[in-house]
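Q: Here are the chains, one letter per residue:
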Amino acid sequence: MSKLLTVSPSPHINSNQSVEKLMFGVVISLVPVFLASLYFFGIGALIITTISIVTCMLTEMIIQKYLLQTEIRIRDGSAIVTGLLLAFNLPSNLPWWMVVLGSVFAIGIGKMTYGGLGNNPFNPALAGRVFLLISFPVQMTSWPLPITSRMHYIDAATGATPLGYVKEAIRNGETVSDAMTQLPDHMQMFLGQMSGSLGEISALALIIGFLWMLYKRIITWHIPVIMVGTVYIFTGLLWLIDPSKNAAPLFHILTGGVLLGAIYMATDLVTSPMTKTGMVIYAAGIGIITVVIRVFGSYPEGVSFAILIMNAFVPLINKYVKPSRFGKEVKHG
Amino acid sequence: MLKTFPKGGVHPPENKLSAHLPIRQIPLPPSVTILLSQHMGAPAKAIVEKGDQVRAGQLIATGEGFLSGNVHASVSGKVTRIDEVQDASGYKRQAVFIETAGDEWFEGIKSDDILEKDFDIDGQEIIKRITEAGIVGLGGATFPSHVKLNVPRGKKAKFLVVNGVECEPYLTSDHALMLEKGEEIMVGVQLLKKALNVKLAHIGIENNKPDAIRHLKELSAKHEGIQVHALKVKYPQGGEKQLIRAITGREVPSGGLPVDVGVVVFNIGTVYAVYEAVQKNKPLIERIVTITGKDIKQPSNFRVRIGTPISALIEAAGGLPENTGKVIMGGPMMGKALGNSEVPVVKGTSGILILSDTESSRSIIQPCIRCAKCVSVCPMCLEPYLLMPLAQQNKFDTLEAAHVMDCIECGSCSYICPASRPLLDYIRQGKSSVGKIIRSRKK
Ligand code: SF4
Ligand code: SF4
Chain A
0 MSKLLTVSPS PHINSNQSVE KLMFGVVISL VPVFLASLYF FGIGALIITT ISIVTCMLTE
60 MIIQKYLLQT EIRIRDGSAI VTGLLLAFNL PSNLPWWMVV LGSVFAIGIG KMTYGGLGNN
120 PFNPALAGRV FLLISFPVQM TSWPLPITSR MHYIDAATGA TPLGYVKEAI RNGETVSDAM
180 TQLPDHMQMF LGQMSGSLGE ISALALIIGF LWMLYKRIIT WHIPVIMVGT VYIFTGLLWL
240 IDPSKNAAPL FHILTGGVLL GAIYMATDLV TSPMTKTGMV IYAAGIGIIT VVIRVFGSYP
300 EGVSFAILIM NAFVPLINKY VKPSRFGKEV KHG
Chain B
0 MLKTFPKGGV HPPENKLSAH LPIRQIPLPP SVTILLSQHM GAPAKAIVEK GDQVRAGQLI
60 ATGEGFLSGN VHASVSGKVT RIDEVQDASG YKRQAVFIET AGDEWFEGIK SDDILEKDFD
120 IDGQEIIKRI TEAGIVGLGG ATFPSHVKLN VPRGKKAKFL VVNGVECEPY LTSDHALMLE
180 KGEEIMVGVQ LLKKALNVKL AHIGIENNKP DAIRHLKELS AKHEGIQVHA LKVKYPQGGE
240 KQLIRAITGR EVPSGGLPVD VGVVVFNIGT VYAVYEAVQK NKPLIERIVT ITGKDIKQPS
300 NFRVRIGTPI SALIEAAGGL PENTGKVIMG GPMMGKALGN SEVPVVKGTS GILILSDTES
360 SRSIIQPCIR CAKCVSVCPM CLEPYLLMPL AQQNKFDTLE AAHVMDCIEC GSCSYICPAS
420 RPLLDYIRQG KSSVGKIIRS RKK
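Those sequence lines, one after another, are chains A and B.
Residue numbers for the first sequence follow numbering that gives the first Met the number 0, so the first one is 0 and each next one is one higher.
Residue numbers for the second sequence follow numbering that gives the first Met the number 0, so the first one is 0 and each next one is one higher.
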């Protein structure tokens with residue numbers, strides 16, 4: 000026989016999964032969220048998203064080519080995901096150069112300084128967002144009104160987010176129920192008709208994306224469900240204690256990026272734990288820190304900080320929370 | 000609810016192309032090459048010489064030492080030489096070459112297919128015949144069966160578990176055997192129960208073989224102490240530890256043997272070989288081999304004499320396809336890729352799988368994205384993403400502490416990894432180094 004045979008160790012087949020396919024799956028799942036942002040914020044959403052994706056990809060390419068002089072891995076799609084998610088965490092009227100700065104920070108500092116995809120301890124998109132929040136607190140907290148600002152970018156009319164509004168009202172001594180009368184109802188919030196960052200507003204779109212990712216087995220349910228559940232229980236307890244000073248749990252979940260954070264930011268594969276138990280600890284931690292910041296801190300929301308803080312604990316969680324090995328619990332009989 | 004092992008596992012496409020096809024005999028090959036190492040343990044010692052005339056079933060080499068086993072001539076004819084030949088792993092091994100002449104069987108062997116149900120012999124005698132017949136685990140591990148049957152002092156077997164899972168994609172030899180030789184398998188199970196002195200035997204079959212499950216359930220109703228279980232289709236359901244866990248709920252302790260939880264496991268093919276050895280006085284000289292692959296003209300289940308070159312099987316199934324990339328002995332998850340197709344069939348050969356160039360090529364290795372998929376599919380609950388770099392860096396102490404020796408080399412981690420990391424390649428290396436260290440410590 001003349002044919003040359005390949006000899007390599009088993010297994011001889013693979014699942015045909017790839018990093019590109021995973022990342023592409025995330026991008027597909029974000030289509031409803033993107034459409035919602037276009038519907039509510041129009042042209043601003045389009046501008047911000049485009050700039051963010053392009054800058055993230057360029058930054059990664061330039062760093063790989065000229066600084067690290069390694070292989071260019073832009074095709075793995077992770078820079079696109081970072082770009083999309085960063086954009087979805089920004090207000091639609093942010094000046095274009097700030098978007099550029101945020102993207103360069105996200106990829107350049109948040110990801111590449113650690114050695115690129117797979118090595119970064121912090122979620123790069125959130126690193127970019129928090130960098131912008133600290134550098135440009137005013138612009139990063141001016142929120143265009145939904146629908147009415149569709150045809151405007153920088154010049155969009157702005158208002159407070161529901162969460163910000165309630166926090167301000169409580170500070171001024173008003174009761175939560177009074178403040179609520181000024182806000183969209185739960186159904187409007189569920190659909191996304193409120194001020195906020197591009198991707199955080201529409202719970203409906205986010206949940207569709209979540210279900211798609213579950214179906215495609217890109218993520219598991221653990222982190223989103225545990226994180227949202229923790230926020231619900233914690234804010235629910237506070238609300239039961241004093242409903243005049245604390246907003247209802249459902250309000251907390253629908254506003255301020257809890258769903259965006261739970262479904263897309265906390266589940267980032269690279270920066271979340273490796274075991275199911277680890278994921279539960281991590282997600283519960285994010286939920287608790289989020290509520291603590293919201294209720295006791297000066298920022299109205301807190302999801303981004305909570306996730307970054309828990310990101311820092313992931314190596315520790317991975318070190319101490321091990322899968323319970325087969326054959327450890329010996330059953331004799 | 001179907002029974003299954005609790006954590007991990009994957010579900011590769013089943014591709015059982017040769018399912019439901021009858022077992023066919025292929026013409027006797029003009030010559031056979033019978034390896035003297037067809038079991039774990041040391042090679043058997045040849046007792047024939049060049050020029051000797053032998054008959055099918057005649058003893059030609061005796062097992063030497065603890066994990067060794069007897070080897071018999073599989074055809075009648077003349078011993079042409081005793082020489083080295085490449086085995087499935089690519090190593091040179093001693094083998095007896097026999098040129099076939101006629102088909103004469105050694106005296107006392109019943110080579111017909113008539114069912115012999117009744118037996119009246121004691122356990123010791125059964126074990127003796129199994130030892131003489133050179134039976135080893137036919138699932139691929141080739142552990143000598145008589146060693147399993149001699150339960151060490153201080154341990155006690157409570158159940159016999161029979162492995163009819165066949166969880167490897169493509170392979171169907173056990174399935175075919177269960178459909179055609181159900182009665183014989185029942186007798187084999189009773190013989191093994193008697194040899195082990197246990198009251199109950201469990202047969203586990205994956206749920207993708209409903210006809211085999213139905214058939215064996217019907218037959219087992221007429222036999223005392225045999226239960227047939229349908230198991231969830233999930234790889235590696237047929238891993239010994241996974242199977243025991245699925246059926247009995249017991250977990251073999253890390254580093255332990257099935258008998259530590261009172262279980263002894265035999266493969267369905269081995270059970271049939273036991274029947275033949277005891278009831279027909281026939282040593283292990285033939286077995287069922289699946290020959291399969293998407294581009295193979297006639298995927299088949301053949302009854303094959305041990306020592307037949309793989310190429311003869313491929314010919315009988317329509318020849319080697321043009322686009323062949325890999326010839327694998329065993330299944331796609333755990334089989335061995337062969338360097339040439341002249342390698343002979345051995346006792347542990349359950350199938351020959353031909354993969355095309357495209358199917359057998361590996362993807363480019365990417366950095367780990369810490370997606371945790373390898374952790375979630377590992378049936379032993381290990382962390383392959385950690386074990387691989389540890390093995391690369393020769394950190395043997397840490398590897399041992401991370402339970403590398405528990406790895407059953409099922410390949411689920413490499414199969415699932417989206418970054419195409421060759422996790423098992425390195426884990427296997429690490430395992431072998433750590434194994435050496437552990438053994439040297441014991442000395
Ligand atoms: S499956 Fe591959 S990419 Fe995912 S964690 Fe394991 S080694 Fe890393
Ligand atoms: S580490 Fe070993 S036991 Fe675990 S999935 Fe990989 S090959 Fe299988």
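Source of the hints: derived by calculation from the structure; they are not laboratory data.
Please note that the accuracy of each hint is not assured.
Stated by the list, open to error - Below 20 Å or equal to it, Euclidean Cα-Cα: the simulated SDA-like pairs (lysine to any residue) are:
| # | chain 1 | residue 1 | chain 2 | residue 2 |
| --- | --- | --- | --- | --- |
| 1 | B | 435 | B | 380 |
| 2 | B | 6 | A | 20 |
| 3 | B | 293 | A | 5 |
| 4 | A | 20 | B | 401 |
| 5 | A | 321 | B | 397 |
| 6 | A | 321 | B | 435 |
| 7 | A | 318 | B | 419 |
| 8 | A | 327 | B | 439 |
| 9 | A | 327 | B | 419 |
Q: Which hints, by number, does the structure contradict?
A: 1, 2, 4, 6, 7, 8, 9
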